[in-house]
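Enquirer: Protein chains in written order, with UniProt numbering: chain A, 1 to 730; chain B, 1 to 730.
Calculated directly from the structure, the hints in this document are not laboratory data. All values derive from a computational prediction rather than experimental measurement. Any given hint might turn out to be false.
Since copy identity is lost for identical chains, a pair holds within one copy or between any two.
What the hints assert, rightly or not - Below, computed lysine-lysine pairings styled on DSSO-like, alpha-carbon distance capped at 30 Å:
1. Lys689 with Lys37
2. Lys557 with Lys48
3. Lys285 with Lys243
4. Lys197 with Lys573
5. Lys247 with Lys357
6. Lys197 with Lys240
2 protein chains.
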Amino acid sequence: MNGNGPSKLVDPLEDPLPGVGTYEDFNTIDWVREKSKDRDRHREITNKSRQSTVALLHSVSDAFSGWLLMLLVGLMSGALAGGIDIAAHWLTDMKGGVCLIGFWFNHEHCCWKSNEATFQDRDRCPQWQSWAELITGTSEGAFAYIVNYLMYIFWALLFSFLAVTLVRAFAPYACGSGIPEIKTILSGFIIRGYLGKWTLIIKTITLVLAVSSGLSLGKEGPLVHVACCCANILCHLFTKYRKNEAKRREVLSAAAAVGVSVAFGAPIGGVLFSLEEVSYYFPLKTLWRSFFAALVAAFTLRSINPFGNSRLVLFYVEFHAPWHLVELAPFVLLGIFGGLWGALFIRANIAWCRRRKTTRLGHYPVIEVLVVAALTALLAYPNSYTRMSGAELISELFNDCSLLDSSQLCGYKQVTDRPAGAGLYTALWQLALALVFKMMITVITFGMKVPSGLFIPSMLAYYNHDSFIFKGWCSPGADCITPGLYAMVGAAACLGGVTRMTVSLVVIMFELTGGLEYIVPLMAATMTSKWVADAFGREGIYEAHIRLNGYPFLEPKEEFEHSSLTVDVMRPKRSDPALAVLTQEGMTVGQVEALVESTHYSGFPVVVSQESQRLVGFVLRRDLLISIDNARKRQEGVVSASQVVFTEHAPSVAADAPPPLRLRGIMDLSPFTVTDHTPMDITVDIFRKLGLRQCLVTHNGRLLGIITKKDILKHMAQIANRDPDSILFN
Amino acid sequence: MNGNGPSKLVDPLEDPLPGVGTYEDFNTIDWVREKSKDRDRHREITNKSRQSTVALLHSVSDAFSGWLLMLLVGLMSGALAGGIDIAAHWLTDMKGGVCLIGFWFNHEHCCWKSNEATFQDRDRCPQWQSWAELITGTSEGAFAYIVNYLMYIFWALLFSFLAVTLVRAFAPYACGSGIPEIKTILSGFIIRGYLGKWTLIIKTITLVLAVSSGLSLGKEGPLVHVACCCANILCHLFTKYRKNEAKRREVLSAAAAVGVSVAFGAPIGGVLFSLEEVSYYFPLKTLWRSFFAALVAAFTLRSINPFGNSRLVLFYVEFHAPWHLVELAPFVLLGIFGGLWGALFIRANIAWCRRRKTTRLGHYPVIEVLVVAALTALLAYPNSYTRMSGAELISELFNDCSLLDSSQLCGYKQVTDRPAGAGLYTALWQLALALVFKMMITVITFGMKVPSGLFIPSMLAYYNHDSFIFKGWCSPGADCITPGLYAMVGAAACLGGVTRMTVSLVVIMFELTGGLEYIVPLMAATMTSKWVADAFGREGIYEAHIRLNGYPFLEPKEEFEHSSLTVDVMRPKRSDPALAVLTQEGMTVGQVEALVESTHYSGFPVVVSQESQRLVGFVLRRDLLISIDNARKRQEGVVSASQVVFTEHAPSVAADAPPPLRLRGIMDLSPFTVTDHTPMDITVDIFRKLGLRQCLVTHNGRLLGIITKKDILKHMAQIANRDPDSILFN
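Let's have the full structure, built from the sequences with the hints guiding it.
Expert: Below, the structure written as structure tokens:
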């Protein structure tokens, strides 16, 4: 009870058994303990550093290992992102034709190598041959068109088949966008292998294949996953991060920022994305390190220069035309449209995914992917806007027309008085069709068993829409409005509706354009979009997928609104048998084992006595089993009749009794408690802020029950009229 | 004990007595309770909204009141900042001369009005007369110089005298930068009047005077204070924010972002500044709203257009010259210099402020200000770089030379082969002197009894230094490096060393230049600067001032490193008398009053009985006194002999006994508890994350003691070998 005695006993560094203090798969970590463990480790290093120079160096290297790790994560993610971009570009072009100089050149590179291209048509050169030319010798006529069409479909099917097969064979975790799972992992859940090396390798390869196959998916979500895999693997180089789940999650938060940074070339936006969207525990130190890693990654990517323009970003835009206050009305309209689309998309996608989970559809993932890929290719090829890759289309729509521009969308600019040319109308029709098509196919694609991102498809959908709208405005001629701006605002609104991002979205868009001028339109649209979408359902696509999968994720943004008390949520319920507790002395090893085996709880409170129910501590099931098992093997005389003792001083036992088993070392002497009268909103707040996985409930100083994260989630599901058993795992 | 009974009893909305649940001045709020109170309020409104249309409208208006408030804060702060800029510009020019067309025109405006100025010398026109011209009729010669000199000093003295007198007479809280106090307030402390209307009015006026007087101070900190005052005053328009200290602090966090946004024209940087530097509780909702308010303010300021260039920012820079990898070395050197300067500045400034507090110097604030103002003016006038205002100097140093530039610094550019002209050497000498002078005078100025900011002086100091450095590089000729970039990086390093800001600083600088290109140099310098400065002492200038003033501020960034247990820190200490507790029944009103009067604790635990020490709840002293007082006045038969009852059901009393006083309503039924074995780092974490002001300590289910925020701060001071009694207030 007084200062010095117990502090020795609770020292967590005192010969811990292997396994004690670790977690099982699909379990939730205890943030408070993990952070406390790290502080203990840090304290030890600091204390030692005063003793010798070696220890001092160790202490310094320990302090800088975080920065070194960030540097490595940034370099590796940037390099991987660059590789993915180059490979995807090459494979996408391969769907259209092949380079005669060497098949490993993409279209642009091939023509650039040939040295014959003029500035006017730099994407046409004899060295690059479409499949029709190669096979039939001509690129004209219906037959050539059909040959090209078929080859396009063939490659799309091949790529998607490879992608889905690789995922299924080697790394089932590599499918999907990964962001819902990463959010869950960052909130403290353990999914072993989700960020492992196989997932990394397979995800990188299949992402390239999936993007090249022409499926309506983006690489942003998967890039976040890839960056997190890199971070997780690199964590193994540093004891500090390998052994501590909380510290590792700090690194993963930074890696999420890195992923967005390389996807968009927006380091600040990436950091805010991580802060706003995916992270759970994000101390200021992490903010600064994330920013560093995001910058390193962005510059690594730039030096690889996958887009050949030494720009950081995928679709760099530079227009500085001012916008007028009147234009806020259409921007808000775009926001409303974006919000509606977002709400609709989430509903449709979740309904489709649920169908996939519950019906026989889910048994044939390969066939599903092939059918969707075939359908996509079949419908996409005839329309030049859906045929080109997402990034190309976006950059075409983003940019204002210049005189050199050969795009059909700029048809109206080629004559001086600028009447809308026939080409423009065709283009707009095609865009409208592309919009409808992309919208529908994306609903089905997102959630398939291939790596799939959401950003670009959502943005695409909207770009098209905008371009369609601006027709009515600009056909009278003159620079009345900037179509590219509308495309951008529409994209933001649409993405905002789907993901419910706010600040990070605006900042990413701001970094894409590099001008403060357009923040207000972007903000107006994003804000409207979020409000409109929230009116139809408060959760974004990632939260919806988390719920669909039943992950134990306690949303930090949502307030707990119901007026229940902790006593209503805790276990045991009124009709249940009493709480399973251990007493601090008087129980035998056999009794303890029987208790543990007869229940499935992951931990047991320790009380002074069954009568008083005064709480002493808390023991985790896993630690208890490991310790008893170990004691039975190693420790002389520990048998089923041995007493289990949690007190500070061993009680006096009869001379002939077996020696007691002292387990105070594995007991948590500072379990969290709340009273039964605590309003649930406060309890939920405590769970969220401290990252607890369980909390004991007391009444007037007596132990009454226990409340876990899962209990809270089940209670919340019940309140929202959902099935409480949809919450899986612990 | 079961669901329904107690929930009625703890309903905080059930006829609360006026005063119950409020706080006294210089006390710390309880974040958990405040937020819980707001959730109760929100729940009530939501429930009612289902009943009638009026209630529904009320609910909608309640939901949008936050946004409306943000809009108002943005508009008001933007307008005030614009007014301050215009007024300060006018008064600063007045130190040099007067406009003959009307004394209310500033120099530039005057010449612009006169229509005679050519492009070449737009700042010279007959309508603007220096004081010498006006008085002696000539602007040439030593006599005229002396007249101008004396008038300069006269105005400086007048302005500073007015500033210090106004502050002393009407609003003592208006002095200083205000950021340390705002940090403390945001962490949950109450300082009544610190953000009141008088402070706002006086701070606005005196800020203009102080800046115009030429004192070495900036307006950034005070602008944050002004914005927070606006927010606090506007909060009174909305019940939701007026009545809830936690909600109001959300608004104040946003206002801090607004302040930086208008000071630099950097809305994103402002939000990150608020997040990183000043805020304590910053939920994501606040992030988004802060961003909105910061944007509104920035655009309001722009539409007022105080700088006459329709730019958002004080010193807009546009240069896009690339930097070379080799240049990272000088950038890191700048960072080291910045860090050293930061550490030195903090030490010197704190030493000076402590001297002011402890010696007789503090008794003569007016004389101190006048002496410093006179000294500043006396020394500043002969040097043209110190004579001009901070903002002017910065923009001169920031910008690259163009052919039209008449600045002496650009002397070397006016001949084709670019040898360094004589003018350049003079300029560099003057700059070097200005650097030394500014550095010394700022140490004394910051902390005087006038509104004073730190940003610009710190930045200034460094700009000068840089310009001095680049001399060696660029005199050989050619565009080898960009001097403006060096100035900017140096400024960032210097500010980083003083304030220890990181991300927000880089982002502010990024917004000033609008180019991603320079993020890496800025980051390198800021990072180095922070590391170097941290090596000399971990706290920034604001934290140092918080500690100097003894505010109860629990730094959220710093980890608690010591290995003490809660039992070592809690009260009562081993030698102290036992903890003062109330029992849930059996005490009379008289006994309770005697206990309250004999102690000075701000709250008392309620236990089942003195013997069992089983905890039931916690009662605040203030609530207890108000309730007993009220009961004695209003309630029939409550006398000193009446029993005080905290139980759910009133005990049976003898027929002749006075009726019992039931006080369960004011008891907190869910006090926070930790066990005595909880390591202090966990306890500190709980205090920080949940924003507690006290926590009860138990041992094996029995109440053992209490630990407050002040106890923790005192303990931390003790560990750091500082005087624990330097922590004032509760």
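Enquirer: It remains to establish, for every hint, whether it holds in the given structure.
Expert: Verification of the hints:
With identical chains, the CA atoms of Lys689 and Lys37 are at most 30 Å apart both within one copy (18 Å) and between copies (18 Å). Taking CA atoms no more than 30 Å apart as the test, Lys557 paired with Lys48 passes between copies only; the shortest distance there is 24 Å, against 41 Å inside one copy. Taking the closest pair of Cα atoms, Lys285 and Lys243 come within 30 Å of each other only inside a single copy of the chain (19 Å); across copies the shortest separation is 34 Å, beyond that limit. In this assembly of identical chains, the alpha carbons of Lys197 and Lys573 never lie at most 30 Å apart, being 44 Å within a copy and 54 Å across copies at closest.
Neither within a single protomer nor between protomers do Lys247 and Lys357 lie at most 30 Å apart by alpha-carbon distance, with minima of 34 Å and 43 Å respectively. When the C-alpha separation of Lys197 and Lys240 is checked against a cutoff of 30 Å, the pair qualifies only within one copy, where the shortest distance is 20 Å, while the shortest distance between copies is 51 Å.
Going through the hint list in order, the structure does not satisfy hints 4 and 5.
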